[in-house]
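Peer 1: Between the sequences and the hints, there should be enough to build the whole structure, so can you do that?
In the working numbering, the protein residues as written are 1 to 1055.
Keep in mind that the hints are not guaranteed to be accurate.
Said to hold, decoys possible - Per label pair, the in silico range of CB-to-CB distance:
id, residue 1, residue 2, range
1, D268, T346, 14 to 24 Å
2, T346, D765, 37 to 47 Å
3, I814, R721, 48 to 58 Å
To be verified - List of simulated lysine to aspartate or glutamate pairs, EDC-like, C-alpha gap at most 16 Å:
id, residue 1, residue 2
4, K55, E496
5, K253, D205
6, K160, D184
7, K820, E838
8, K335, D362
9, K317, E282
10, K330, E282
11, K446, D414
12, K182, D162
13, K173, D223
14, K825, E836
15, K439, D480
16, K63, E496
17, K766, D784
These are computed hints drawn from the structure, not numbers from a lab. Backbone N, C-alpha and C fix where the C-beta goes; we use that ideal spot for every residue, glycine too.
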Amino acid sequence: SERCLSTCGTFDETNAKNWPDSPYDQFCKDGSTECKNQFSPTFWSRMRLTGINTKVLTGGAYKDADSWTLDHSFPPAGDGISTPLWLKSITRTAKAGDAADLPMLPVTFAGEQRPNRVDALGDGLAPFVRLRMYQVTTETGGTIGVTYSQPDCTATTLPKPDATNTTRCYPVKWAWEGDTSKVDWFNSYVVTQIVEGDNLASTPDKVTSYSYLGGAAWEKSTDEFTKADDRVYSLARGYELVQTRTGAASDPKTLSETRYFRGIDGKDVKDSAGVAVTDRPEFAGMPRETATYDGDDTGKLISAASSTPWRSALVAKRTRSGLPDLVSYKTGTEKQSTRTTVSGGTRTTETVRHYDDYGMVDWESQLGDTAKTGDEQCTTTGYARNTASWILGKVSRVETVAVPCGTAASRPADVVADSRTYYDNGAIDTVPGPGLVTKTEKINAKGDGYDPDSSVPSTCGPANNQLCYDLYGRQLVAADPYGKVTTTAYTPATGEVPTATLVTNPKGHTASSELDPVRSQPTKTTDANGKVTTTAYDALGRVTKVWLPNRPAATYPDAPSRVFDYTIRNDGPSVITSKSLTHDYKYSVSYSIQDGLLRERQTQTQSPDLSGRLLTETFYDTRGLAWRSSGTYYADGAPEPQLVTGQETGYPASTDTVYDGAGRTTAVISKKYGVETKRATTLYTGDTTTVIPPQGGTATTTVVDGLGRTVETKQYTDSARTASQSTLYTYNKLGQLAQVTDPGNANWTYTYDVRGQQVESNDPDKGTTKTAYDAGGRVTDVTDARGVTLHSEYDELGRPVALKQGATTLSANIYDTVAKGQLAKSIRYVDGNAFESEVTAYNDLYQPLTSKTTIPATTDTGALAGTYNWTNTYNITGQLLTTKQPAMGDLPAETVGSTYKSVSGLLNTMGAGSSRLVSAVTYDHYGRTSRQELGAIGQRIYRSTEYDEHTGATTRSYTDRDVAPQRIEDTRYTTDPAGNLTSIATAYGQDTARTTDTQCVNMDALRRITEAWTNKGETCAAAPSTTVIGGEDPYWTTYTYDAVGNRKTETKHKT
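Peer 2: Put into structure tokens, the structure is as follows:
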């Protein structure tokens, strides 16, 4: 559109004012043979971008996908002169699919006035004020606020116009027409803070702040359009060090630093350890080091990663008169060193790379922990190239060996991995065609050759009228390591975006998908058995409805299996509504309520007992971290798409997470109605992580090496963490786990083949186990310490079909005879006799409708021999309705049926014929069973359960009956803060016949029972003694253990 907003008219002298920022005096009319009084090029446009439309070619025509409308204004810049064009908003309208067009809310932009020029009072020149992006308001009501630095100079405090300038001001030499050139000064600005505001869901702003240290750098312009005398130090080279902090004062801030190369030729750039690397112009903007700290304190370094850049030999050069040559180099990173603060000092790991003449890495040496040896590896990369076609980056071989680069490797002993890739049916390291992969290989288990990994079958090609790839490079035919072929077909094959795909597996089973061509999303998928899943989308491509195979869309167009709705707002939280079809043809509804930054803030679902709703809440701090979660809690009223607030002190269970200055979890605190009940603490040292659980748990420390591998796990044997026992982990030079040593010094050892597959394990209890694999990596044989070998066989799809011992088949599986892709029969052989479990019919959700079990007639099976048939029915959600069971022994055939409660689908009753096994079930708000009624009227048993509202643990269960005495038993449970069961107190009978049995346990720091006893009454003493032992069947037993947890002694005390 024209760069005007109202009645524009013709762009001429009369109407030029309608184009506020288009300089008519610089306009050359079409057809003009000369532009009088215009002596230099100017760069501007009469036009503005007002819309973007995207379309997809399908069905012979272009179909709309999305459009964006750009709205503009000409606000005053603030200097009384300029009114430049400003982007006011962007509005997206989604148009994909068959759904109605969906216009989104606009994304709006607010500007802040900033002077570009360092203005001097009375100099007669404008300050060139322009708007800078100050705030973005998103479609969902969130805001992104931008704070800029203040001007660094005034007309009276100007730096020198040379390389010593470290301010954000820079010089420009210019002149009015006919005047002499002079140096003028201009401002530049940096972002100092980004504030991401939720604004809608009571969440604090996320704050990110930036500091720029070391002063700005400027270099002399090398602009070829500017006269040599007018070139000044106006080329920005940025800052050497930038600090990034997240969080506001209310939270511990995180701090990271990045040191940069600025392209200042010959200048030393040091990392935080003082190691210098020489800067080059080609390195501008590359990081020298990134460092992370524990909090806003540069004295608490966690880790720092330093980079040394690489520059190739000169690639190209153009000589320029009066200016440095214009040169070109390839660049990369040739060394990376990471320093990590660990207990007792600093650990350094290092990686070195080498580049070939094309600027691609041809070897990389991972040196591991530089203070140690034995953890180094070298990865070499070979390329297949067709220089005539400029195909240069096709990787042909990647090999990793367990020695540093430059050291001779012993093959295959040192080989960690080795793979090769072939292109266009050519030889290795060649690309005779467009560079399409036709075969991949991996080194074989012995290391003396290669096994196929994948390939394009030799049968495909023009001679057989079968394409391996189509003209878009999509692979149409692929073979697995065993030569089994899978094909893929697209419709249409060329010219347009596909509307359908058809995949045929090695068994000939087909799966098809119909696609919405605009977003390439599946609208209808049909499996090998013709089972159809249909999906509908809105114009944005979000799922709105799903029809599962048992609910055909044509039959139930208005009653799909799942329904989703999206409410995007900028005046309140956005909501995703999910509806699931229930067994009684209603819908259960849940809401995901999101804040202005589209983080989930709250969920609401209907409580299973239909009396109210269940909610969860998540709260975020100023770093954007989730610091509080409510746990699921109950509230009155039906679920609604509105945020419920003010409940924080009413949570029966909530979890607060405390983070350190690096954003790592240091404490997880459980609270009940806002009061702390327990906490787990985590400590970090860089190479160790210690987790201190609530009382009753086992404190552990995990120690890692320089490669992040666990080398030791300590379990503390006392609450003060002064004594511990360790499990040690040892790795071989290839980086594979070689040995595990338990606290009792028993060893588990592991051996691997060249492909890294575990071929032998030695267990101190069960001895040696050996494992063999086929060329594709499937387990074929497992031999235990007795010398017994079990052999596995597979079908074309990799499914296990037989397990054999020698020539004897032990078990077998049969697939596809009832439904393609599904198990039809499992057979277990005992002394040659087949015990069979078979599914004879599946429903649309692949649940068994009819099945049978066949037990052979043998001397052991006796009267059990025969065939037993089951028949099942299900409701629409897949819950079991009835099971027709066969007669077994003296038991007659019967049909067991179940009913379910409305909406929730929780079990209501269960019975067989006129006999009620379960007469009724009552549930609490959370769907937990609170009461079961079992048996017939007048003879019913009632089982009731109570739960701790904070932990959800069972605290009491009791059983009653219709006949007297009604109370049968009443059991209460107690646990420690870690969840260990500490007592079970059971009362039998009632009134004068009531007796008690209270069982108590004490545990050690490793959660092993050390004392078990029965206590008098219904509570436990802190420790057992002869004075507290009691109950109907009293006992007092003490246990001790060896280092690995085996019971060493059991002492039964006199009671």
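Peer 1: What are the numbers of the hints that this structure violates, sorted from low to high?
Peer 2: Going through the list in order, the structure violates no hint and respects every one.
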